[in-house]
Amino acid sequence: MIADPLPSPGPARTASAGDGQGEGAPLAHSPVPPAEAGTQPEPLLSELSSPGVKGHQLPVLDVPEAELPDTRFELKLPEIGELDVVRHFTHLSQRNYAIDSGFYPLGSCTMKYNPKINEDVARLPGIAHIHPLAPDETVQGALQLIYDLERLLAEVTGFTAASLQPLAGAQGEFAGMLMIRAYHLARGDTRRRKVLVPDSAHGTNPATAAMCGFHTVAIPTDSHGNVDLDRLESELDDTVVGLMLTNPNTLGLFEQRLLDVTDAVHRAGGLVYGDGANLNAILGIVKPAEMGFDVLHINVHKTFSTPHGTGGPGAGPVVVSDKLEPFLPAPAVVRRMDGAYALDFDRPRSIGRLSYHGHFGILARGYTYIRMHGAEGLRQLSETAVLNANYLRSLLRDVFDVPFDRGCMHEFVLSARSLKAAHGIRTLDVAKRLIDYNIHPPTIYFPLIVDEGLLIEPTESESKRTLDTFAAVMRQIAGEAAEDPELLTTAPHYSPVRRLDEVTAARKPILRW
Amino acid sequence: MPAFTQLSPADREEMLRTIGAGSVEELFGDVPAGARFPRLDLPPELTEMEAGRHLAQIAGDNVSVKDWPCFIGGGAYNHYSPAAVSHLMGLPQFYTAYTPYQAEISQGTLQAMFEFQSLSCELLGMDVANGSVYDGASAVGEALLMAQRITQRERAVFAGSLNPHWQAVARTYVSAREVEIVSSEVAVEAGQLRESRLLDLVDGHTACVVVQQPDFFGHIHDLDGLAEAVHERGALLIVCVADPTSLGLLKTPGAWGADIATAEGQPLGLPLQYGGPWAGLMACRGEHIRQLPGRIAGQTTDHDGRRGFVLTLQAREQHIRREKATSNICTSQTLLAIGITAYLSLLGPSGLREVARQSHAKAAYFASRAPGAYQVLTPPPFYNELLLACPLPATEVRSRLVGRQLLGGLPVGRDYPELEHGLLLAFTEQNTKAEIDRLVEALEEAAA
Chain A
1 MIADPLPSPG PARTASAGDG QGEGAPLAHS PVPPAEAGTQ PEPLLSELSS
51 PGVKGHQLPV LDVPEAELPD TRFELKLPEI GELDVVRHFT HLSQRNYAID
101 SGFYPLGSCT MKYNPKINED VARLPGIAHI HPLAPDETVQ GALQLIYDLE
151 RLLAEVTGFT AASLQPLAGA QGEFAGMLMI RAYHLARGDT RRRKVLVPDS
201 AHGTNPATAA MCGFHTVAIP TDSHGNVDLD RLESELDDTV VGLMLTNPNT
251 LGLFEQRLLD VTDAVHRAGG LVYGDGANLN AILGIVKPAE MGFDVLHINV
301 HKTFSTPHGT GGPGAGPVVV SDKLEPFLPA PAVVRRMDGA YALDFDRPRS
351 IGRLSYHGHF GILARGYTYI RMHGAEGLRQ LSETAVLNAN YLRSLLRDVF
401 DVPFDRGCMH EFVLSARSLK AAHGIRTLDV AKRLIDYNIH PPTIYFPLIV
451 DEGLLIEPTE SESKRTLDTF AAVMRQIAGE AAEDPELLTT APHYSPVRRL
501 DEVTAARKPI LRW
Chain B
1001 MPAFTQLSPA DREEMLRTIG AGSVEELFGD VPAGARFPRL DLPPELTEME
1051 AGRHLAQIAG DNVSVKDWPC FIGGGAYNHY SPAAVSHLMG LPQFYTAYTP
1101 YQAEISQGTL QAMFEFQSLS CELLGMDVAN GSVYDGASAV GEALLMAQRI
1151 TQRERAVFAG SLNPHWQAVA RTYVSAREVE IVSSEVAVEA GQLRESRLLD
1201 LVDGHTACVV VQQPDFFGHI HDLDGLAEAV HERGALLIVC VADPTSLGLL
1251 KTPGAWGADI ATAEGQPLGL PLQYGGPWAG LMACRGEHIR QLPGRIAGQT
1301 TDHDGRRGFV LTLQAREQHI RREKATSNIC TSQTLLAIGI TAYLSLLGPS
1351 GLREVARQSH AKAAYFASRA PGAYQVLTPP PFYNELLLAC PLPATEVRSR
1401 LVGRQLLGGL PVGRDYPELE HGLLLAFTEQ NTKAEIDRLV EALEEAAA
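Quick mapping for you: the protein sequence lines, in order, are chains A and B. Under this note's numbering, the first residue of the first sequence carries the number 1, and numbering increases by one thereafter. Under this note's numbering, the first residue of the second sequence carries the number 1001, and numbering increases by one thereafter.
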């Protein structure tokens, strides 16, 4: 089963590599093998500054000088030459783990490959260098892209309309819940204040509900990993705004009684908000609109391959059914009778504006990705993501605990609770030890309802060889936990830094130089 | 096999055997049978070559600021970005990494965030900053929510000269709360823009006063005494900056006494991209740090005593606090923040000052050459933007400028109906004297 020899933990760092760094102190000069790029500490920009050095050139002013009042007294920016700026950021990037450098099975984040063509198209001058307030007649290509992408996203999810304005998933949630709020209010239904959120949900769900002025009630998960339908029904009354539901849920499981869940909410007069975080599992498999969802946000940076950019930018379009369409963010992109595209600001029932036209540079990448797949390609993509996850789950189910033992979708949850009971090894230790094998740890301690949980999402991008290697490493780490638990509790040993003191960081915050 | 996957047919068979499934379809047994495997009506798939061609065609239907001279501002500015900036944002170990959940292998991101926070503080003259929010508009919305949490008051006072797009987004942010937002009046008196007194709108329920400096029309306000007066009434002062290159020369929000400062980061080296992704800068006085939304990096030490960086003060955030979080924001715009950090490092103090000096000088040059049929409504002092009263509706002037291959400013009539003839023009160091002369000539023709 194991195609390659098992990887051994990473190279030992030079003993003195970390000496002498700190507040402007001279760095230790130790020899470093080339393979250890990134292990050396990098000074702060402020420590690289030399007065009088410049990293730029600007043309000589070609119009008369004009004085400005209120000149600020001092401006303490670093003064560094271009080469040293380039090296600084290159060194910093080498101190990061990234998809391009290794396996990144971070559950719920869909760390799939970010195709290079996306980056090329996003840098075309007609994509990268157009002004958001340019006259419509000069940006017909951009408006067409937005118009077409809205329709592609609506088709894939089964909805009738879309807005690309939300800048990230959390803003998509906000837009969706504001639309649901507007829908109830438009019907004179003013008593609804209660939002139901499964206890497995992302933290953004309850935070969003709070931003919309609602209070939340957590619905427990049953022993099969589904929403507890009885508990849900007991909360359904005429004060319910709706349910915020992630499906497949954050355990990587498809709700087995999904239609009963959405029916029950609708019967109580509530609407169902779909968190599209896990859309990667169901492209061409099922359309959320056909399962009772009224609105869904889409994480373009997950499902449609746009880069995660060290934590942003994302893009969080919303797709809606007919009944929520009037409330979509304004302006909308419309196609006029003469075939020209235009921005329509006349949307009196809209929830308002969230941005100019969304994260257009990201949306152009997502559009490219969808066009490169087509209907069949998208379905095969989700099938492959689910195949990879189930395969990996099969390889690991005898090594770690499986809290919900049924077939998964694109991700699955394991638990290290037996390791904890037997050897005092926590999930955190397993994660840190994975770093020594040059693998990014899965999402840990999420969803909150799983004791010592590891949420693993391999995505469709990965080869069987990579999955086999990961499984073998996990097996080896489980063995290490039994034989030499300290190896895990003190891990990582080969990363640029060791475990960091987060407690002091929060107690005595140092947030700037 | 779909694009960007790597399983051979033999791999698939072996994997299915390991799982114990007869086919991939079997893995979807929990999906309601009636809805399973729907038809998707999508255009046929494109190869990489075809996709590249298709997107080039779409891009070709747009006029970029590389094609025509651009005098549009209004919250986004065509400043020069050194070549190194986009290359550094394009380093794969930045752009294909994610949130620094595992600090030991995310030191690059975390240190860059720390540097960005430091530069944000320096630029804005504030004590502490976060690792960025979506953009300048959402920063205003978040600042408003933050002021409400701090003061436990709900009312907000906006300067009428606060960017109307920001006003609209901020209103969306608080739209689900019973918040009254009042704005000062903007009007033309004796040939110049005038704004009614902000302080007259502040009362005992006011959480914050929000001003833009320089304002939407380019005017640089004298904010002396404003912070004190606002504080006397128990409210906070929020100062927002649309074009932070202005801070190369101008007094900082902190120096004006701001409690919270925000800025749009796009002008600091980021491409316009039809509105995003950009990054919002957000900073505050030290005492309010625990009400600041978004990610924050902090310096600490590792097990061996080496300097390192972590995400910190996370007890403010949604993944810990859920419904009690300061915001639902989950992402930050770190990649863009890295671009801004690179830009500010390359420009340094002398470069940013020079960008500010030149941008202002170009606007001043235009003002001195504005054709007689037009009138500059923005009172001095101004930075790099001016509201021009046109002899005909500004949308008509803009169309005529498009006919002359000029991206000639922003008509403001949709947001300020009484200023239907108002055209907002912006200038940067990229606008040459020849371009400005062309604009002057085209405006003369448009009026003829």
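One or more of the hints may lead you astray.
Said to hold, decoys possible - Okay, the calculated bits of chain B under chain A, using three or more residues with CB under 8 Å as the criterion:
#	region
1	1157-1171
2	1223-1231
3	1256-1262
As the list claims (entries may be wrong) - Keeping only pairs whose Cα atoms sit at most 25 Å apart, straight-line, the calculated BS3-like set for lysine-lysine is:
#	chain 1	residue 1	chain 2	residue 2
4	A	K76	B	K1251
5	A	K76	A	K54
6	B	K1066	B	K1433
7	B	K1324	A	K508
8	A	K323	A	K194
9	A	K116	B	K1433
10	B	K1251	A	K54
11	A	K194	B	K1324
Keep in mind the hints are simulated off the structure, nothing from the lab. Every residue gets a Cβ at the ideal spot worked out from N, C-alpha and C, and that includes glycine.
So, going through the hints one by one against the coordinates:
Counting residues of the region 1157-1171 of chain B whose beta carbon lies closer than 8 Å to any beta carbon of chain A gives 4, which reaches the threshold of three, so the coverage claim holds. Check on the region 1223-1231 of chain B: 0 of its residues sit with their Cβ under 8 Å from a Cβ of chain A, so the three-residue criterion for coverage is violated. Here's how the region 1256-1262 of chain B fares: 0 of its residues keep a CB closer than 8 Å to some CB of chain A, so the rule of at least three is not met and the hint is violated. For the suggested pair K76 (chain A) and K1251 (chain B), the alpha carbons sit about 13 Å apart, so the restraint of at most 25 Å is met.
Under the criterion of a C-alpha separation no larger than 25 Å, the hint pairing K76 (chain A) with K54 (chain A) is consistent with the structure, at around 14 Å. Taking the CA atoms of K1066 (chain B) and K1433 (chain B), the gap is near 16 Å; set against the 25 Å cutoff, the hint holds. Between the alpha carbons of K1324 (chain B) and K508 (chain A) the distance comes to roughly 23 Å, so the proposed pair stays at or under 25 Å and holds. A distance of roughly 20 Å separates the Cα atoms of K323 (chain A) and K194 (chain A); the hinted pair therefore holds under the 25 Å criterion.
Using a Cα cut-off of 25 Å, the hinted pair K116 (chain A) and K1433 (chain B) is violated, with the two alpha carbons roughly 39 Å apart. The hinted pair formed by K1251 (chain B) and K54 (chain A) meets the criterion: a straight-line CA distance of about 23 Å does not exceed 25 Å. Taking the CA atoms of K194 (chain A) and K1324 (chain B), the gap is near 15 Å; set against the 25 Å cutoff, the hint holds.
Violated hints, listed in ascending order, are 2, 3 and 9; each of the other numbered hints is respected by the structure.
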